[in-house]
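Trainee: So the sequence lines, in the order shown, correspond to chains A and B. Start counting the first sequence at 1; every next residue gets the next number (this note's numbering). Start counting the second sequence at 1; every next residue gets the next number (this note's numbering).
If you're looking for bench data, these hints aren't it; they were derived computationally from the structure. There's no promise every hint is true.
[Said to hold, decoys possible] Under 10 Å between C-beta atoms, here's a sample of chain B residues computed to sit facing chain A:
(1) L5
(2) V59
(3) P76
Beta carbons: idealized from backbone N, C-alpha and C, even for Gly.
Spelled out from the first residue to the last, the chains are:
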Amino acid sequence: MFTEVGSQGALSIEGDSEISLLDILDHVLNSGVVIHGSLVISLAGVDLVYVGLNVVLTSVETALHNIGPQHAMPDRRPPRSL
Amino acid sequence: MPCLLYCVTQPTPAVSVAGGVCNAVVDSREMLGVRVYWSTVQDVEACLGTPEALKQAAVQVHHVLREILAVTTPIPFRFPTLSESDAALEEHLAPEQELYRDALARVDNAVQYEIVASWAEEQQADLATPVSGREYLKRRREAASRTTAVEGKLKSVTAGSVREWRARQERKTHRWFALVPRECRERFLASLRGAAPSEGVRLRLSGPWPPSEFIAPRGERG
């Protein structure tokens, strides 16, 4: 898995086998199938994630904020589900 | 015992993954016509309850998905997706089983690459200064024209090596998603590297990723 960056439209290898933490978090936290039910709860258009059995509820945005502002997402994708 | 779900794949092959979130074993089982991957998490609070733990778990999920992607094409669950027990997995998956199978058929033996385009002019734009409606529309038309030109070029140079394209406009960037059959990966990358430059645009390519953007049928995103 890698990232390539090019200026002026040409693509050149930036770092083989290197994907940024931002890329990883973006994909893992912000894409994929959402199972409807008690696992991921949507309230007023905000995804609430049921994290623990002791009822720790957090939104995706809050989780990202807590992880660190340097990893804040560049944009918010709409929830996707099957 | 709660389970953290990673993904579903075609029933075969079954991929053996070294380790999952919080060093838990990665289990898989065929059910409802798909194979489901998950880890039983002994202590959910310790594993996911703090920001640092959550970040580490997210990265571990990425590593699990990458190992599976190296062998077969996964459809990931959005992290963190938990089930109260492995016995309850089938119950959670059953309502959408046909859609899982349809999605797996659509992305079978393919991976996702992403190309993000940004324009120097857009990056330097002063969004705080108000502009007239006419000027705003003019800028929108120019931006759309630039995007169309880059898209045309991407599709042209990679013709024959992409099964499907999807795209999304973001605030200052445009993102394209290419569903690339495994056997076409090298050709796809070579064709992009060999493309003639376009003035003023910066392109960033990453991948391969699980084909999350192609889970829903075209026109049914979200």
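Trainee: Each hint needs a verdict: does it hold in this structure or not?
Mentor: Here is what the structure says about each hint:
1. The beta carbon of L5 (chain B) is positioned within 10 Å of a beta carbon in chain A (closest approach about 8 Å), and the interface hint is therefore held.
2. Residue-level restraint check for V59 (chain B) holds (minimum Cβ-Cβ distance to chain A is 6 Å; threshold 10 Å).
3. A hinted interface residue such as P76 (chain B) counts as satisfied when its beta carbon comes closer than 10 Å to some beta carbon of chain A; here the least separation is about 4 Å, so the hint holds.
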